[in-house]
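So in UniProt numbering the end of the sequence shown lands on 452, straight run, no missing numbers.
What the hints contain is simulated information worked out from the structure, not anything from laboratory work. Careful, some of the hints might be misleading.
[Unchecked claim] Keeping only pairs whose Cα atoms sit at most 30 Å apart, straight-line, the calculated DSS-like set for lysine-lysine is:
hint, residue 1, residue 2
1, K162, K123
2, K162, K45
3, K123, K45
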Amino acid sequence: MRAGVVPLFLLLAFGQEYRSLPGAQTGYPQLDRSYALVYEAEAPKAVLLLVPGLLGGSTNFALLAEHLRREAPWLEVWAWERRANGLEDRRGFLTQDPTAYYRDLPEPDLTPLRSWGLEVHLKDLDLAVEAARQRAPVVLAGHSLGASLATLYAFRHGERLKGLVLLDGSLRLPQEALGQEVDRETLARGASTPFGRLPGLEDLLQGRADPVFRLPFLGPRDLALAEAEAFLAAKRPLEPVPYGPYRATREARALLRVDDHYSLFPLFSVSAGRAWAREGLSLLGLLQGRLVLTVRGPRGRIIEWRDTGEATDPRAFLRAFARPETGFSEWYFPYRLLLEVAAYPLVAPDLRPRPLPYPVLALGAGRGLVARPEGFRLAETFPRTPARAQVLPGLTHLDLLTEREGRTARALREYVEGLLLPGPRASRSKLAAPEGLGHPPLEGLQAQGPQD
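Please model the entire structure based on the sequences and the hints provided.
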């Protein structure tokens with residue numbers, strides 16, 4: 001479980017409150033809950049409930065929430081976290097050297113993860129929506145895999161929402177999800193891939209498969225260390241530390257993990273500047289068919305980081321990355337959830353495309369998962385529903401949440417404002433192009449109006 005009690009002054013120091021929310025009952029009372037980092041507003045007109053993507057934690061949305069506070073002080077923001085975040089031991093962030101604490105991270109009992117599939121998470125999300133509705137009408141927004149969860153929630157409980165936003169993510173529709181990749185046999189017994197065997201539910205439930213979704217260099221220990229390094233770098237950015245055989249500043253060491261020039265995982269990278277260092281090409285990057293840089297050594301005495309004015313402000317990013325009570329990652333992401341989202345027509349046959357009683361907004365990233373407006377397939381996913389899609393050019397998948405100019409926040413503010421307008425004014429505003437996105441209303445957008 002989430003170990004250690006974080007002092008109240010630390011929870012409030014950033015102007016937010018980290019809350020525990022009721023969750024679906026699965027037989028683990030101390031873990032049957034989800035969490036939210038809440039940016040309260042006085043007398044809010046709406047609550048924006050944000051759902052993170054694969055391996056994502058609540059501070060994915062910290063910089064976006066700060067922009068929204070300035071853009072729309074009447075909007076309350078809840079950055080949701082799934083229940084697996086409760087397994088994280090965050091006591092290391094209360095020590096002098098969190099990196100030393102997390103270099104040898106023992107794993108908790110992972111048995112509960114075998115029970116935490118799609119239905120459990122949808123129930124958790126429903127309880128979070130219900131809690132947020134006590135404050136104001138709820139607009140649900142999901143990023144990446146969180147967009148799939150938000151869509152599935154809207155299929156079942158769309159009438160409980162005021163609006164829906166998809167952030168660089170799109171659900172595979174039933175005819176795609178039930179293709180050769182995910183059928184009943186695959187769901188039950190798994191499948192062989194060029195990267196190895198993917199286990200199915202039988203192996204998972206019988207204890208023969210790892211219940212945690214892991215990637216090379218992105219396992220629980222790696223994610224914890226990345227948060228620890230960012231946490232220290234935010235406090236002492238220019239302090240020298242070892243980086244392989246070389247010396248580097250703390251901020252350089254932390255950002256080399258996640259910057260798009262150096263990361264082997266484009267979906268988990270931001271564009272935040274450049275190392276002042278001697279560079280070469282990464283062999284692993286070339287094997288992926290990508291040009292990925294690697295650091296060969298310092299140009300001077302030490303490897304430093306430079307803010308080159310790219311989409312994400314590096315120091316703001318580090319300040320927002322990790323806090324004692326929560327962070328940027330979900331260290332123990334349930335493999336079962338990933339499997340069942342892919343096979344949702346088999347797991348939950350009632351979840352099908354449907355009309356919604358409000359317009360849908362979809363924002364893509366030009367260098368992310370959905371780089372073209374039509375990639376959201378809004379007409380098929382939400383038939384007879386007004387909808388619009390916009391791609392913000394030049395942004396990575398994560399830049400959409402962390403970019404410094406506030407383009408994403410302005411788009412969200414305009415959308416929510418339109419939802420709150422009465423009558424015909426609302427209908428016109430809901431599909432207007434958000435301020436600063438460079439397009440007149442509906443030009444170049446995928447949109448559909450109500451159909452008889």
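For the pair supplied as a hint, K162 and K45, confirm whether the alpha-carbon distance does not exceed 30 Å.
holds, 11 Å
When you check the alpha-carbon spacing of K162 and K123, does it fall within 30 Å?
Satisfied, since the Cα-Cα distance of roughly 18 Å is no more than 30 Å.
Below or equal to 30 Å on CA atoms is what counts here, so check K123 against K45.
With a Cα-Cα distance of about 25 Å, the restraint between K123 and K45 holds, given a limit of 30 Å.
Of the numbered hints given earlier, the model fails none.
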